[in-house]
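Visitor: Kindly generate the complete structure, drawing on both the sequences and the hints.
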Amino acid sequence: DSHVEHWLNGEKVVEYELWDDEWTEKVKNSKWSEYPKYGLAPAGHISLQDHGSKTWFRNIKIREL
1 DSHVEHWLNG EKVVEYELWD DEWTEKVKNS KWSEYPKYGL APAGHISLQD
51 HGSKTWFRNI KIREL
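Numbering (my numbering), first residue to last: 1 to 65.
Per label pair, the in silico range of CB-to-CB distance:
no., residue 1, residue 2, range
1, Trp-32, Arg-58, 24 to 30 Å
2, Asn-9, Lys-54, 16 to 22 Å
3, Lys-54, His-3, 30 to 36 Å
4, Glu-5, Val-27, 16 to 22 Å
5, Tyr-35, Glu-5, 22 to 28 Å
6, Trp-7, His-51, 20 to 26 Å
7, Thr-24, Phe-57, 26 to 32 Å
8, Asp-21, Arg-58, 34 to 40 Å
9, Arg-58, Glu-17, 28 to 34 Å
10, His-6, Lys-54, 18 to 24 Å
11, Asp-1, Tyr-38, 15 to 21 Å
12, Glu-11, Leu-48, 18 to 24 Å
No lab work stands behind these hints, which were simulated from the structure alone. All values derive from a computational prediction rather than experimental measurement. All C-beta atoms in this analysis are idealised placements derived from N, C-alpha and C, irrespective of residue type, glycine included.
Guide: Here you go:
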């Protein structure tokens, strides 16, 4: 399935379809355009990222739908 939703504090903040025309165009016009395999892995790891400042994560829930 290519449907993706991101929820934050009970509110849906992002929703998109992987690999549709809109997604492909956004990748093409982004910094990821130089990586031909970007977003194509059917499975992988989930990682949490920060950008150099203090970061806290809590109550992270991931569930297979």
